[in-house]
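Colleague: Residue numbers (my numbering), protein chains in the order written: chain A, 419 to 710; chain B, 331 to 718.
Incorrect hints may appear among the rest.
Straight-line Cα separation of at most 25 angstroms, SDA-like style, residue types lysine to any residue; simulated pairs [claimed, not checked]:
1) LYS525/A with ASP550/B
2) LYS531/A with LYS332/B
3) LYS525/A with ALA513/B
4) LYS332/B with ARG662/A
Hint data in this document are derived by calculation from the structure and do not stem from the laboratory.
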Amino acid sequence: MSIWVDNNTKLVVQGITGKEGQFHTMNCKAYGTNVVAGVTPGKGGQNVEGIPVFNTVAKAVKETGANAAMVFVPPPFCADAILESIEAGIPLIVAITEGIPVMDMLKVKNYLKGSKSRLIGPNCPGIITPGQCKIGIQPGNIHTPGPVGIVSRSGTLTYEAVHQIGTMGIGQSTVIGIGGDPVNGTNFIDCLSAFQADPQTKAIIMVGEIGGSAEEEAADFVQKNVTKPVIGFIAGLTAPPGRRMGHAGAIISGSSGTAQGKIKAMQAAGITVVENLGEMGKIAKVAFAKVI
Amino acid sequence: MKIHEYQAKELFRKFGVPVPRGKAAFSVEEAKAVGAELGVFPVVVKAQIHAGGRGKGGGVKLAKTAAEVDQYASAILGMTLVTHQTGPEGKLVQKLLVEEGLPIEKELYLSVLPDRATAKIVFMASEAGGMDIEEVAAKTPEKIIKVYIDPLLGFKGFHANELAYGLNLKPELIKQFNAMVAALYKLCVDYDCSLLEINPLVLTKDNRVIALDGKINFDDNAIYRHKDIAEYRDLTEEDPAEVEASKFDLNYIKMPGGNIGNMVNGAGLAMATMDIIQQAGGAPANFLDVGGGASAEQVENGFRIILADPAVKGVLINIFGGILRCDRLANGVVEAAKKVGINIPVVIRMEGTNVEQGREILEKSGLNLITAKDVSDAAQKIAAVAKG
Chain A
419 MSIWVDNNTK LVVQGITGKE GQFHTMNCKA YGTNVVAGVT PGKGGQNVEG IPVFNTVAKA
479 VKETGANAAM VFVPPPFCAD AILESIEAGI PLIVAITEGI PVMDMLKVKN YLKGSKSRLI
539 GPNCPGIITP GQCKIGIQPG NIHTPGPVGI VSRSGTLTYE AVHQIGTMGI GQSTVIGIGG
599 DPVNGTNFID CLSAFQADPQ TKAIIMVGEI GGSAEEEAAD FVQKNVTKPV IGFIAGLTAP
659 PGRRMGHAGA IISGSSGTAQ GKIKAMQAAG ITVVENLGEM GKIAKVAFAK VI
Chain B
331 MKIHEYQAKE LFRKFGVPVP RGKAAFSVEE AKAVGAELGV FPVVVKAQIH AGGRGKGGGV
391 KLAKTAAEVD QYASAILGMT LVTHQTGPEG KLVQKLLVEE GLPIEKELYL SVLPDRATAK
451 IVFMASEAGG MDIEEVAAKT PEKIIKVYID PLLGFKGFHA NELAYGLNLK PELIKQFNAM
511 VAALYKLCVD YDCSLLEINP LVLTKDNRVI ALDGKINFDD NAIYRHKDIA EYRDLTEEDP
571 AEVEASKFDL NYIKMPGGNI GNMVNGAGLA MATMDIIQQA GGAPANFLDV GGGASAEQVE
631 NGFRIILADP AVKGVLINIF GGILRCDRLA NGVVEAAKKV GINIPVVIRM EGTNVEQGRE
691 ILEKSGLNLI TAKDVSDAAQ KIAAVAKG
């Protein structure tokens with residue numbers, strides 16, 4: 419078991435003929451992901467190392483039965499590409515693209531509500547169920563199958579978490595990067611709720627950062643609904659207010675969105691907070707000892 | 331991206347949002363000419379910098395005569411204005427806005443912005459205008475009205491009514507107020523604003539609704555589709571090192587008072603690296619995200635930008651390579667270090683494929699490169715070196 423992606427996932431890649439899209443598609447395929455199709459308007463009928471390319475997502479779904487999409491389309495056209503996959507009824511859409519305007523994402527987010535699709539990202543590393551399916555730009559080789567679910571707003575910080583628990587001999591059920599943008603498709607609560615329901619997942623790590631109030635809301639959710647042990651980390655204790663720290667969503671506005679506020683909320687909810695990044699692996703080992 | 335008040339008011343005019351008569355002035359002579367052109371007194375002389383709190387800092391003055399326009403323009407232009415948003419170093423005033431004074435009856439607060447939590451566009455309004463809205467929100471949240479708009483639906487008449495009646499406007503003001511908020515919604519959406527704030531929005535004794543102030547921030551990710559807004563960018567308001575970094579697609583933010591430079595791939599890991607430097611007893615001098623890929627060219631430019639800060643006593647490089655191979659990264663770091671000419675200690679922590687080969691390349695380089703086995707080790711080594 420795992421959440422959202424596994425051996426049955428059939429992937430279509432939007433923007434497969436671009437340099438990045440092609441590179442990461444081949445990495446996903448090499449990892450074992452069943453990549454069934456690519457989409458680039460105007461390039462239908464071609465193929466990328468044997469993967470058939472279609473002009474539209476609807477056509478790709480009809481011909482191949484794709485049930486997940488990975489989006490590498492450049493920012494000006496990316497919201498359109500996501501909407502296309504929603505319209506094609508794709509159940510899981512993973513948008514890697516960084517730099518989509520917020521106004522575009524507001525429309526996508528509101529349109530998602532009445533649809534059958536789940537969007538992960540944008541501006542995220544993707545999702546991986548170790549040993550089964552990788553959709554995204556993560557280094558597959560650092561992951562091992564196991565009992566810990568990880569959800570994170572950051573890319574390389576997620577790899578750090580995977581690496582640290584990996585050195586303690588702890589594997590992962592599913593690892594999800596939800597992305598660093600202010601408006602995203604899947605939030606902490608969606609992932610926590612799925613991890614709570616997944617029998618393979620015995621414990622959870624959530625990695626947050628400054629900006630917004632998603633971590634505070636997630637902490638509240640954990641207190642009320644999650645019985646599995648959770649450890650948390652927040653990046654940005656030293657970040658100055660009012661400055662965008664790389665990610666469009668990582669900004670302290672006034673007194674809201676601070677690392678201190680988030681840590682306090684997590685501690686109050688019974689989450690074991692890792693205050694020093696270097697100790698994440700060790701703390702996970704101790705905190706999860708009873709369940710794994 | 332931020333713009334000046336006078337630029338925000340240009341956009342307001344374009345969209346039909348009423349503003350006081352006035353013009354920007356870049357010299358005392360120009361300020362006097364604008365004052366004369368207005369033909370009335372009082373005249374308001376306002377410092378134009380990318381920070382709020384200008385009035386309290388002495389950057390806004392009411393002139394009752396032509397002589398006072400001269401006096402205040404001379405005093406404000408060239409002053410270093412310190413406000414709660416500029417930091418203690420303040421900001422040099424290089425531009426003024428000269429406007430007619432208005433017979434104010436009441437000051438309101440109004441803003442419109444995309445709300446990340448609800449994914450709606452939200453209007454916030456309050457009768458407690460002219461004050462720090464954060465303070466109003468903290469002490470008397472009931473005084474703030476919020477109206478959420480689904481971007482797929484758009485701004486409707488009832489949204490405007492909720493604001494107008496929520497603010498207890500006089501009946502004779504409602505029509506013009508409603509037209510104004512509809513225009514502001516259009517401006518916010520059409521121009522990808524991340525914040526559009528009017529504080530204060532004034533009601534005058536002769537029954538007009540006028541934006542006395544104007545602040546607009548834009549979504550950096552959307553500037554590509556607004557060439558006219560890109561031209562509003564004022565580089566003199568930005569940190570030169572940050573401007574330089576942005577030319578190379580590097581995300582650099584200077585941290586005042588720090589002495590440990592750092593270079594990291596990925597924004598989250600970069601923030602966490604700054605945090606762990608401080609936890610080890612050091613002080614980070616910057617935030618620098620070289621991007622997920624961390625190419626040799628990015629590393630080289632990163633070095634140059636970090637080393638241009640004379641306060642930096644050591645540099646920590648923390649790269650989680652992932653798909654990127656560590657031997658290739660190590661070669662890139664060595665080459666960049668030789669090219670730039672580094673004479674302070676550099677601690678490197680890297681993780682990913684071929685990490686052992688990468689460490690060997692660093693150790694054999696003959697440069698002052700210290701390898702670290704993990705993030706804790708790296709933070710301790712760099713903190714010790716910088717204290718050293």
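Colleague: Run every hint past the structure and note whether it holds.
Modeller: These are the hints, each one checked on the structure:
1. LYS525/A with ASP550/B: holds (18 angstroms)
2. LYS531/A with LYS332/B: Cα-Cα ~32 angstroms, so violated.
3. LYS525/A with ALA513/B: Holds - the C-alpha atoms of ALA513/B and LYS525/A are around 20 angstroms apart, at most 25 angstroms.
4. LYS332/B with ARG662/A: holds (12 angstroms)
In summary, the one numbered hint that this structure violates is 2.
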